[in-house]
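Enquirer: If you want the building blocks of each chain, they are given just below.
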Amino acid sequence: MSLIADDWSAISLSLQLATLTILLLLLIGTPIAWWLARTRSRWKGAVGAVVALPIVLPPTVLGFYLLITLGPNGPIGNLTQSLGLGLLPFTFPGLVIASVCYSLPFVVQPVQNAFEAIGDAPLEAAATLRAGPWDRFFFVALPLARPGLITGTILGFAHTIGEFGMVLMIGGNIPDKTRVVSMQIYNHVEAFEYAQAHTLAGGLLVFSFCVLWALYSLGAGRKIWK
Amino acid sequence: MKSFKLFSTLWTALLVIANPAHADEISIAVAANFTAPMQAIAADFEKGSGHKLALSFGSTGKFYAQIKNGAPFELLLAADDETPARLIKEGNAVANSQFTYAIGKLVLWSAKPGLVDDKGSVLKRADISHIAYCNPKLAPYGAAAVEAMKSLALFESLQAKLVEGENITQAHQFVVSGNAEIGFIALSQVYKNGKVNEGSLWIVPSQLYSPIRQDVVILDKGKSHAAAAELAKYLKSDKAKAVIRSYGYEL
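Just so you know, the sequences run in chain order A and B. 618 is the number of the first residue of the first sequence in this note's numbering; add one for each residue after it. -18 is the number of the first residue of the second sequence in this note's numbering; add one for each residue after it.
Honestly, the hints are just simulated from the structure, not real lab data. Predicted model, so just to flag it, every value in this text is computed and none were measured. Positions of the beta carbon are idealized from the N, C-alpha and C atoms, including for glycine. Accuracy of the hints is not assured; some may be wrong.
The following residues of chain A were derived to be distant from chain B, with all beta-carbon distances above 10 Å [said to hold, decoys possible]:
#1 Leu620
#2 Leu641
#3 Gly688
#4 Thr697
#5 Ala742
#6 Trp751
#7 Gly819
Computed list of lysine-lysine pairs in DSS-like fashion (alpha-carbon distance at most 25 Å, straight line) [said to hold, decoys possible]:
#8 B/Lys105 with A/Lys794
#9 B/Lys173 with B/Lys70
#10 B/Lys100 with B/Lys131
#11 B/Lys214 with B/Lys173
#12 B/Lys202 with B/Lys28
#13 B/Lys131 with A/Lys794
#14 B/Lys70 with B/Lys220
#15 B/Lys33 with B/Lys220
#16 A/Lys794 with B/Lys118
#17 B/Lys93 with B/Lys214
#18 B/Lys220 with B/Lys93
#19 A/Lys794 with B/Lys142
Just chain A, with the same shape it has in the complex:
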């Protein structure tokens, strides 16, 4: 069973979505992880809980709230409209924003753990050598947290490829814009095109296995990455 043009377009869309999402997540998630790892603020628990929410909540709940808040009557929808950006649901940028929320904990948590594992000693040593806060972050903390960053990148990327419930809620199933692989599989299954569904679903299964395999092999040989 070969893939049809729609399938390839869905695959390419999923890859673009996951790539953009993970780039944004590294930019946004790393500072959050750093703050969570170092702070003694009483807000630490609350912020950590908000970051972890997507692990617990069903994606359809997230999708539903995003549909409301990004819509014309929601606060973010009002903002994007007044900035002249239009509305985000049913668009590719909308999916990117949704995916960033959805995959946030999968990047923040491994990176935060890696930052916490560094401890105070290397940072204090760097400070005595007159390294400023930025130098300590970029030249001491980040390189030492590399295993966490790699784990976060792989998990965030893979998790975004697999997202479905939220895309269903705010995507609108538009070819080349919001119809990602998981949507396409769902469409095939619902339309009784089981052979095509198998090809795509099998591909996703192999992909997911390879990603996790790489991840766990990496965990075993962590020293190589340090």
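Position chain B against the provided structure of chain A, taking the given hints into account.
Expert: Same frame as chain A, now just chain B:
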């Protein structure tokens, strides 16, 4: 030994509670567009018969796949007449138990009052950026919407504005939340007791699409349940028909 006796007494008591002599409990798969009327009908039926109904709402295509794979439904209220016929042909439903319980009406609807005019010319407006409908492969109302747009010779030009819900409930949700200005949905979703609940709508003329005949069928698992046949019969009663009509269906 004593604890075993206690356990068996409790177990027997539990069985008695769970199985009252006459009341039966059956599971029913209901097309999403029929959600509101079915809830009203089920309440009346339960009161009158003492049976209990467990209702599941969703797209007919999904129910078909679930029933083929052994889902424990006794009755299917489909959104079309093809799925029940197919289930009978394939031996998953009782022959001769199929009949039309409602004929659905397609409407073009907006949550905003005054936006949709009574000729549907809002479809041609340039400032409409999204039109919701549901997957035409899966949902009869989606197929009817496509047919109507084709009859109006607008399908090609509107293609870029269409956003697709997985079922009719989701198409409605896209419009309610304002993310799509207008959408093709079922009249029953926005109509009660002879009037429109909110917003503005155009009842798409029935000559623009083939009639949406919604059929019910008793499934294989419902054969041994008297309640399934009773409910099917109840759907034909004047009382049930009055409820069905009050939600904007034809009969």
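Enquirer: State for each hint whether it applies.
Expert: Verification of the hints:
1. Leu620: holds, 18 Å
2. Leu641: holds, 23 Å
3. Gly688: violated, 4 Å
4. Thr697: Fine: 12 Å to the nearest Cβ keeps A/Thr697 off the interface.
5. Ala742: holds, 54 Å
6. Trp751: holds, 42 Å
7. Gly819: holds, 19 Å
8. B/Lys105 with A/Lys794: holds, 23 Å
9. B/Lys173 with B/Lys70: violated, 36 Å
10. B/Lys100 with B/Lys131: holds, 16 Å
11. B/Lys214 with B/Lys173: Roughly 24 Å between the alpha carbons, so the hint for B/Lys214 and B/Lys173 holds.
12. B/Lys202 with B/Lys28: Since the Cα atoms of B/Lys202 and B/Lys28 sit roughly 23 Å apart, the hinted pair holds (cutoff 25 Å).
13. B/Lys131 with A/Lys794: Holds - the C-alpha atoms of A/Lys794 and B/Lys131 are around 23 Å apart, at most 25 Å.
14. B/Lys70 with B/Lys220: Not satisfied, since the Cα-Cα distance of roughly 31 Å exceeds 25 Å.
15. B/Lys33 with B/Lys220: holds, 19 Å
16. A/Lys794 with B/Lys118: Holds. A/Lys794 to B/Lys118 sits at ~19 Å (cutoff 25 Å).
17. B/Lys93 with B/Lys214: violated, 40 Å
18. B/Lys220 with B/Lys93: Between B/Lys220 and B/Lys93 the Cα gap is close to 33 Å, so the pair fails against 25 Å, i.e. violated.
19. A/Lys794 with B/Lys142: holds, 12 Å
Hint compliance for this structure: hints 3, 9, 14, 17, 18 are broken, all remaining hints hold.
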